[in-house]
Structure formats: C-alpha cells, structure tokens
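Engineer: Chains as they are written, first to last, in this note's numbering: chain A, 58 to 346; chain B, 15 to 346.
Because the hints were derived from the structure by calculation, they are not lab data.
Just so it is clear, CB atoms sit at the ideal spot from N, CA and C, and this is done for glycine as well.
The reader is advised that the hints may include incorrect statements.
Reference excerpt, derived from the structure (chain A facing chain B, CB under 7 Å, subset only) [stated by the list, open to error]: (1) ARG73; (2) SER84; (3) PHE91; (4) SER110; (5) GLU135; (6) VAL162; (7) GLU226; (8) MET311; (9) GLU337; (10) GLY339.
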Amino acid sequence: MTEETAEETAGELPERYVDEKKLRRQSRRDFILFGTGAFAALAGLWWIAPLGSKKKVFGEHTADALDTLAARLGATRERSERFQNRALTFDDDIAEALYSPNRTVRTYSKRDITPLRNNYEGRTPSPDYIKEWTLTLTGLASSNDVVLRLPDLSSLAQHEQITRLCCVEGWSAIAGWSGVRFGDLLRAYPPAPGAKWAAIESAVNLDGNGNPDPYYVSIDLPTARHPQTLLATHLNGTPLGADHGAPLRLVAPMKLGLKNIKAITKIAYTVDEPRDFWGERGYSKYDGL
Amino acid sequence: MTQMDADKPADDGKALTDSAEEASAEAVAVDPKPIEEVPVEEPPSDEPPVKEPPVEQPPAEETVVDAPQISDPRPPTPDSHPGTRLVVIKHHALVRLSHWLNVPILFALIVSGLSIYWASPVFLHKPDPVTHSRDYLADLGIAIARHIPGAKADGFWFYDHFGLGVFNLAGALRWHWLFVYLFLATGFLYILGLLLGGGYRALLPRRRMIADGFAMIRYYAGVVPMKILRRPWEHPHITTKYNALQRGAYASMPIAGALALASGWAMHKPVQFWWLERLFGSYDGARIVHFAVMIYFILFLVPHVVLVLVDGWDTMRSMIVGWSGRIGGSHD
Numbered sequence: 058m059t060e061e062t063a064e065e066t067a068g069e070l071p072e073r074y075v076d077e078k079k080l081r082r083q084s085r086r087d088f089i090l091f092g093t094g095a096f097a098a099l100a101g102l103w104w105i106a107p108l109g110s111k112k113k114v115f116g117e118h119t120a121d122a123l124d125t126l127a128a129r130l131g132a133t134r135e136r137s138e139r140f141q142n143r144a145l146t147f148d149d150d151i152a153e154a155l156y157s158p159n160r161t162v163r164t165y166s167k168r169d170i171t172p173l174r175n176n177y178e179g180r181t182p183s184p185d186y187i188k189e190w191t192l193t194l195t196g197l198a199s200s201n202d203v204v205l206r207l208p209d210l211s212s213l214a215q216h217e218q219i220t221r222l223c224c225v226e227g228w229s230a231i232a233g234w235s236g237v238r239f240g241d242l243l244r245a246y247p248p249a250p251g252a253k254w255a256a257i258e259s260a261v262n263l264d265g266n267g268n269p270d271p272y273y274v275s276i277d278l279p280t281a282r283h284p285q286t287l288l289a290t291h292l293n294g295t296p297l298g299a300d301h302g303a304p305l306r307l308v309a310p311m312k313l314g315l316k317n318i319k320a321i322t323k324i325a326y327t328v329d330e331p332r333d334f335w336g337e338r339g340y341s342k343y344d345g346l
Numbered sequence: 015m016t017q018m019d020a021d022k023p024a025d026d027g028k029a030l031t032d033s034a035e036e037a038s039a040e041a042v043a044v045d046p047k048p049i050e051e052v053p054v055e056e057p058p059s060d061e062p063p064v065k066e067p068p069v070e071q072p073p074a075e076e077t078v079v080d081a082p083q084i085s086d087p088r089p090p091t092p093d094s095h096p097g098t099r100l101v102v103i104k105h106h107a108l109v110r111l112s113h114w115l116n117v118p119i120l121f122a123l124i125v126s127g128l129s130i131y132w133a134s135p136v137f138l139h140k141p142d143p144v145t146h147s148r149d150y151l152a153d154l155g156i157a158i159a160r161h162i163p164g165a166k167a168d169g170f171w172f173y174d175h176f177g178l179g180v181f182n183l184a185g186a187l188r189w190h191w192l193f194v195y196l197f198l199a200t201g202f203l204y205i206l207g208l209l210l211g212g213g214y215r216a217l218l219p220r221r222r223m224i225a226d227g228f229a230m231i232r233y234y235a236g237v238v239p240m241k242i243l244r245r246p247w248e249h250p251h252i253t254t255k256y257n258a259l260q261r262g263a264y265a266s267m268p269i270a271g272a273l274a275l276a277s278g279w280a281m282h283k284p285v286q287f288w289w290l291e292r293l294f295g296s297y298d299g300a301r302i303v304h305f306a307v308m309i310y311f312i313l314f315l316v317p318h319v320v321l322v323l324v325d326g327w328d329t330m331r332s333m334i335v336g337w338s339g340r341i342g343g344s345h346d
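Next comes chain B alone, as it looks inside the complex (with noise of 0.2 Å):
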C-alpha cells in the first residue's frame, strides 16, 4: 500500500472524492495477494514493497485481488467480491497471543512483587503513633479495610488482599522467578507479532502526535460534561490505527516492559549485571525504578481496559481474532 500512496495524491480529503474506479482500479494492480490469504497469521501484504512488477501478475490472480485504500470510505461491495467480507486487519497472532499471556503474567508478577516488597519496602516513614506503620502501602491497606466491614485494618491487610501475603517471602521469589522468564518469552512474542505484522509503524512517533494528542485530552475531558448537557461533542477525527495518546501509551509500552526487567535484573544480579545497577545509580535505584513501572502498568490498565470496554465489542474482538468491521478505522 505504501506503492500506492507514492503514486497518488495521499491527502484523505482528496482521496475521499476519488471515484470508485479509480481506486479499485489501482488496488487490483498494486496488491497481489490473493483473498484466501488468512487473515490472522500472516503479515499485511502491504509490509514490503510489491517485489514484481505489478503487470506480470497473471490477469486470472487479479480478479480475486483487493486492496482498497485505508481511507477509502465505500462500503463493502459484496457484489464484486462474492462469498467475502472486507475487514480491517488489526492484530498479528502472536501479538494478540502475548498480550493475553501478559495479563495473567502481569497479576502475578505484580502480586508477587508486593509481597517481596513487604519483606522490605522501599519507601518508609516515620512510624504512625496509632498504626505503628512505617509503609505506605500498608497505610493504603489500612485506610481501604477501614471502609470495609468485618475487615481487620491492619498492616498486613494491604498484603494479604493485593499481594501473595505477608510473611511469603520466599514463596513469592518463586513465583516471580517463574513469571519473569514467561513475561520476558512474551516480550520477544510480541516484538516478533509487531515486526511480522507490521504493527510497529501504529506505534512510531509522529511529528503531529503533540497536537493531536492535546486535542485528544480536550475531547475525553469534554466527554463527560457534554453528555450531561446534551450538547454534541465529536470525536476528534482519527486516520491512523490509534490516536495521538493510545499511539504513545502503547509504544510507551515495550519501553515500560523493558525498563522493568532490566531494574529487575539490576537488582537480582548487582554482581553479574553490575553495569545495570550503575545504569540506575544505585542498588536502591533500581528498586525505586523497578516500582514506579509497576505503579506504570497499573496506571496504565485503568483507562486501557474503562476505555476498550467504552468503545465497544468491535474493538475487544479484534485483541482476539484480529480483524476489525470499522472499515477506514471509522469510529461510530
């Protein structure tokens, strides 16, 4: 597709107004892959640039042949494609693959995590004259089972409800030891995913992104006080596979993954990886940066899963099948 752009004036509101024939005209010629391609595990045919000459395809190949520009806005024609449905092509298998691994990775590496940090937390202060706490996630834990009836507002309250428990150091060590080496797997699963599928260039910075992604913040602060007065508040309009703030949340992604192993790292060999530990400043710096990409991914997962779940079924499906029915990335 990127063929196809060069040669054509690129602009969406250009391409909006370009007659059907046209377009399809030139999909047919530049795309050779043929429609019983699957769909799911096998890379856009528009990654590389098409290594023939698009004359040589042979002319029975072309009548199966489609492509239709990103923005193009035509409805699906089932009557030139019988028996076929047009849909967008999201998520590469194996990233859809790593992303559910991670989910259940992640709980556990966080649960875990907690509880080795109980054995000795980072962040103290003066003990509480009434709880004798020094730890602020123990102080959490005390004000959330205050609220909660029958709940003894303890310490260990935090660490038994979020954590693997207290007093479990050694049990939780396992535990993260285990899910490290699988959360490390799935990150090379995912990078494969993003490099095969070509989902990677969804994430690359772009020189708009600053702008749009203020724009973005306008429209969700909007959102909920427009509702309320009934008054029409659009959705900013989006050409790309994500907007200017799932853009850089998702690629801020990978960097958070990569940051947490190699704090960790940091910390579990200081000795061997003694050029990570000084990556970090210090012992304790890696602790403090292995915590706050925790406290990242949590911050993260909030308005990742509040806003998937806001935008609808079509989305949730395509982490799981891969293709999306919003044809032109049309967001209704």
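This is chain A alone, in the form it adopts within the complex (with noise of 0.2 Å):
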C-alpha cells in the first residue's frame, strides 16, 4: 500500500522555484489573456445570439442599445448570419466527405415498423388531385420533357424496403417502403449530360392556411443513383395517402426526413445545385445522415 501511494502520488504536484519577476511577468501575461478571452466570449456570443433570446433574457431597450454599439464596430446581423452559414456548410462538407455510395442503410424486419406521423409543414392537401396527377421530367438527354402517369412506372422493377426515416427535429421512424429504384428511373429517362442534381418538386404542398405553397428539395444524383433511394408508391404494403404523399413520393434513407419529399410532381435534372425549400431558411442544404 505504502508503495502505490509513493508511487502514484509522485509527480502530481511538482515545486519549482520561479524566478519571481518572471512569475509575475508570466502571471500577469495569463491575467490579461484571460480577461480578453472572456470578453471576447462574451462579444461574439452575443453576436451570434438569436435577437429573441437576448430581448427575453436582457430585455427590449439593453438588447437594442447593445446590438446598435455591435453593428456600430462592425458586428453587423449580417456578418453573423453569415458567418453562422459557413457553420453550416462546413458541417455540409464533412458530411459530403463521410458519404460513401456504397454504405447501405440498415435494414429492420417488419416487427420494427413504428407508426409514422405525418409532418406536413402546412395543411395536408386534399386526395383529389391524386386523380389527375401526372409527373414531369425535364433536362433530360432527349431534350423533350416527359410526363409520366402511375402505370408508366409499373414497367419498372418494384422494391421493398424497410428503413429509418430520421427528421431534424429529433424524431424518427421505422416504415416499409415499397416503389421503384429512384437510379431507375434514372436510366429509363437518362439527365441531359453534365447534370449533376435533381430539383425534386411538389405543386400540391400547402401553407398552413390551405394556399399553394410549393415545396423542393435538391437531390445530388449520386444521392439519386443509391440502390436505397426509391420513389416509394406503397407505405407498409398499402398505396400511399394523401397524407404520406400519394402517388408518389421520395424515400432517400440517407438524408433527412425533409428531404424525402411527399407527392412528387416534378423532377429536373440540372447542371447547378438548385434551391432547397429548408435549405432556404436557414436549415442545411446537405442533410445527409
């Protein structure tokens, strides 16, 4: 016992004599780093803090006076909108760097599925316009748009699949899956040459008031030629609702949830990386998991 104790408690709180001006000179050195540090904390929390947060804690006329001085030396929303951005796209980068194409996704079996909500951001549209739906291809290499009804997709090899869907907000589920091969499509209707992403869109999509709200995403076509990226027609063996997106919908288990975007009425396939509905408001354009 005595030896462990000598043993381990050696080194742990070795003296040393310091010259003393050069203590102090050191001392004070640390002092000052310290107290920049601190305040340079402070300043660049605050200038990158939601405007919300720092009228509820610091209230309405300190916050405004605070953020006036800021923007006056320069810390403008500006800047830290964007300088938070590249948070974002560096984050974006990683996750680019990290994507294999030839990772699957994992599996489950059948007892796994769990019930899936419905996460409309708005109002989910009524199933009338299942009716007549039709879906539009454009930048292919025919350079003729095609515009294709639910049965030209039967001529297509039908998958099952179950896996994860994963949201952004936190939540997640397990769902089957069934459809044709997103790659599929790909090469019955090959992109015109040089396209490198699909813009992915839904005219139905509402607000939150019933109005037309359009939504997109953007989809890289690597992400697109992934054997598990389907366009899903069937939800646990039964045809999809209008409220998990019927006919037709995105299922690219490698991204996120808002990225598997319901009732598809449109894809173009584009040379430049096209707008992203969430990725327009302050959410990643990437979203790979």
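Starting from two chains that each stand alone, build the complex the way the hints lay out.
Structural biologist: In structure tokens, the structure reads:
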C-alpha cells in the first residue's frame, strides 16, 4: 500500500523555484489573456445570439442598445448570419466527405415498424389531386420533357425496403416502403449530359392556411442513384395516402426526412445546385445522415 | 521526481522527518532543470526519467537547480534562492486554455441543444390537463415561471430562458454544429495538455480511491453541521493533487465529453456512422445518452463552481496562471 501511494502520488504536484520577476510577468500575461478571452467570448456569443433570446433575457432596451453598439463596431446581423452559415456548410462538407455510395442504410424487419407521423408543415392536401396527378421530367438527354402517369412506372422493377426515416426535429420512425428505384428511372429517362442534380418539386404542397405553397428539394445525383433511394408508391404494403405523399414520394433514408419529398409532381435535372425549401430557411442543404 | 522516490523511502510520514540538507541535496542531484524555466509552458521536469546520470551535470548549473520533494513541508527558502519563489506547477497551459474555452462552448452547446430538444422531446408524459404540456422540461419551466413575478408560465418559458428559444431549430442546429467542432478541437488540446504537462497522472484511478472517496463524502456531509455546532472538523489529509472525489469527477469529464461526442455523431450521421448508432442500441438510445451526458455536465458544474469559490483564490488563480502557492499541496 505504501509503495502504491509513493508511486502514484509522485509527480502530481511538482514544485519549482521560479524567478519572481518572471513569475509575475507571466502571471500578468495570463490574466490579461484570460480577461481578453472572456470579453471576446461574451462579445462573440452576443454577436451570434438570436434577437429573441437577447430581448427575453436582457430586456428590449438593453438588447437594442448593445446591438446598435455592436453594429457600429462592425458586428452586424448580416455578418453574423454569414459566419454562422459557414459553420453549416462546413458541417455539410464533412458530411459529404463521410458519404460513401456503397454504404447501405440499415434495414429492419416487419416487426420493427413504428407509426409514421404526417409531418406536412402546412395543411395536408385534399386527395382530389391524386386522380389528375402526373410526373413531369425535364432536363433529359432527349431534350423533350416527359410526362408520366403511375402505370408508366410499373414497367420498372419494384423494390421493397424497411428503413428508418430520421426527422431533423429529432424523432424517427421505421416504415416499410415499396416502389421503384430512382436509379432505374434515371436509366429509363437519362438526364442531359453534365447534370449533377435533381430538383424535385411538389406543386400540391400547401401552407398553413391551405394556400398553394410548392415544396422543393435538391438531391445530388449520386444520392439519387443509391440503390436504397426509392420513388415509393406504397407504405407498409398499402398505396400511399394523401398524408404520406400519394401517389409518389421520395424515400432517401440516407438523408433527413425533409429531403424525402411527398407528392412529387416534377423532377428537373440540372447542372447547378437547385434551390432547396429548408435550405432557404436556415437549414443545411445537404442533410446527409 | 519518480527517480527520487524510487531510491528513497517515499512514505509521507518518513519524508516529513528527513533532514532539509538531505532532501535538497538529493533534489539538486536529480533535477537538471534550471530555474529560469518557464513554469507555465513546459512539461514538468519530473515527467520523463532523467536521461543522463545526474553526475554529468555541470556544477555551475547545479547551484541554480532545485526541486524539493512533493510532501516536503519546508517553507520556501529565499536565502538559498534569492529572487525566486517556490511554487507548485499545477496546470499545463493547454489544459488551462481548454478549460476556459469549454465555458462558452459548453454553454452554447447546452442552450442550443435545448432548443433542438424542444422540436421533439424524447422524454414525454401524458398531456397535463391544465397546461397541455407533455414535456418534462416544459413542466419545469412552468413551475419556475410561476414563482417569477410577471413571467408567462407557459410551455415555452423554459426554452426561451434556458435555450435559444422556441421555433428556432435551424438557428439552434447552426450553433450546435459551430460549437461542436470547437468542442472537438478543445478536447484534443486538453488531452495534449494532460500528456505534455503530466496532469494525466492526477486523473488515473488509484486503489485507495473508494475508501478515500467515502472519507471525503463523510467530510463534506459533516462540514456544515460541524460549523454550526462549532466543532473542529478536519479535512482528510490529501497527498495527491486531487482528493478521491475530485479525481473521480475530473477523470470522468474527458469520458463524458467523449460520450457526448459519440452519441451526438451517432444521431447526426446514423448512416455513415452506423456502428456508433449500434453502440447506443438505437437512434433514441443515442438521444437519451446525449441528454444524460448534458445533465451530468450540469450536475458536475454546480459543485465544481461552488467548491472552487469555497476553496479560495489560489485554486481559481492556478487555473489561470498555472501555478499555486500552496506548497506540498497544503490545505489551509
């Protein structure tokens, strides 16, 4: 026991004779660094903090006064947004570097299936649209647009998979999907040379008041070609209802749920990165899991 | 210093009885570091065993060299070392830097994490008939706000005052990613500082930790009652850098940090890091661990700050300047 004590306490608190002037100088330097750092941290946090939080915690007047001062010193709202968005794109770059087209998403068995909630941001469209539904493909190699109806897709091989849908909000659900592979559609109707992206749109999407509010996502073609990226027509063995994006929705389980667009009406192949609904609202544009 | 202890009967009680001449002569022979050495930016000289035999040291250097034994109770000897001060080297510069960087980083990670959590709480109960809340954290906010004059006691209060607000998922995620990369970088700096400064030694588990831990719990439990009763209540004798409870708590911090990162990445990239997700059992398993680690950080923080304030200025200062004036780890 004494041996252990001796050995393990050794070197934990080394003592030194240090030149007093040097000690004072270095300590002063460390205190100055500490103070500067503390101030910089507070100022930095203030700079990037949401306006609402600042007003709630410090009161309207103090928050406004400090924000005015910050803006005069160059720490403006616009610069703060740009800086924070860079953190988002940095994380996207990391995610893209991690992505492997050969890595498959974990699949589950039927008994793992959980209820899937309808997470339409606005109102769920009335199922009336399903009868007249068509899918328009543009940006094709043939340079003519193609308009498809559901039976046109039945010539493609049908696939089934039970995968997890992860929402950016934090919840997730395991669901069984069946439909055609996006990759098979790309082979059947090849995009124009040089295309790198698919701009996928739903014209039937509604806002909270029930007014038309088209939803759109960007999907990179390598993700679209992934064998587990489906254009699904069925959920757990039954045709999709209006709540889950009838008659055709995207199932890309290697992307967050918000990329898994419901009730697709148009797919455009593009060279440049298309706009993305949530990407325009402060979220990541990549959303790779 | 390890060498010194090896050929010496390194029992604390014995060391106390050693003659001053003997101890300082030995220290002179063993420690080759000159006193001009920067105390804050260099690893303590005792870390690696001395490479050359001490006899090879030039005599000129020996006169300015000293490093008394750890438990040496002698006061600083200004006569033999004019213009110098005897100090304890406590924290490597990188350890101090990462310690203080973690203050704003953990703050930002927790407040943004709470706003992310708001979007879809993982711990839910049946809706409350009055408040309609299903979320325990919202309940907590309602309970607090009811005692604050003028506060609106609704389910948003908690997230508005302890988080980055409600309906701010995008903004909170952006913060979380920004600070998690800083947290990761800081973690590396901390580990590097522990290795360079030898501070890791004070965190390694010891056999006597359990018994010593109970002694500390007994001490803490009695310290306030005994103060009220005005009875003497002695702090257990500590010869190590930290007492057993501190040792356990500080050693658990890098582990908790690693767990927070692992569970966070398991949620953030469950497809690419599928093995991490499996490690936590399930996707929600990772969420629960992530949340539990946050609670652990907060539970650590309260006694950590209280005890530093109680312990005094020297302890607080040592985390800024790196050295302590408490020779021999003395606890007054």
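Engineer: Now look at each hint and say whether the structure bears it out.
Structural biologist: Right, here's what the structure says about each hint:
The closest approach between the C-beta of ARG73 (chain A) and any C-beta of chain B is roughly 6 Å, which is under the 7 Å cut-off, so the hint is satisfied. With a least beta-carbon distance of about 4 Å to chain B, the hint placing SER84 (chain A) at the interface is held under the 7 Å criterion. With a least beta-carbon distance of about 5 Å to chain B, the hint placing PHE91 (chain A) at the interface is held under the 7 Å criterion. Annotation: interface hint on SER110 (chain A) holds; nearest CB of chain B at approximately 5 Å, less than 7 Å.
Violation of the interface hint for GLU135 (chain A) is found here, the shortest Cβ-Cβ separation to chain B being roughly 15 Å, above the 7 Å cut-off. Satisfaction of the interface hint for VAL162 (chain A) is found here, the shortest Cβ-Cβ separation to chain B being roughly 5 Å, below the 7 Å cut-off. Taking 7 Å as the C-beta cut-off, the interface hint given for GLU226 (chain A) holds, the closest approach to chain B being about 4 Å. Here the hint on MET311 (chain A) is kept, as its CB sits about 5 Å from the closest CB of chain B, short of 7 Å.
Checking GLU337 (chain A) against chain B: minimum C-beta separation of about 10 Å lies over 7 Å; hint violated. Checking GLY339 (chain A) against chain B by beta carbon gives a least distance of about 3 Å; that is within 7 Å, so the hint holds.
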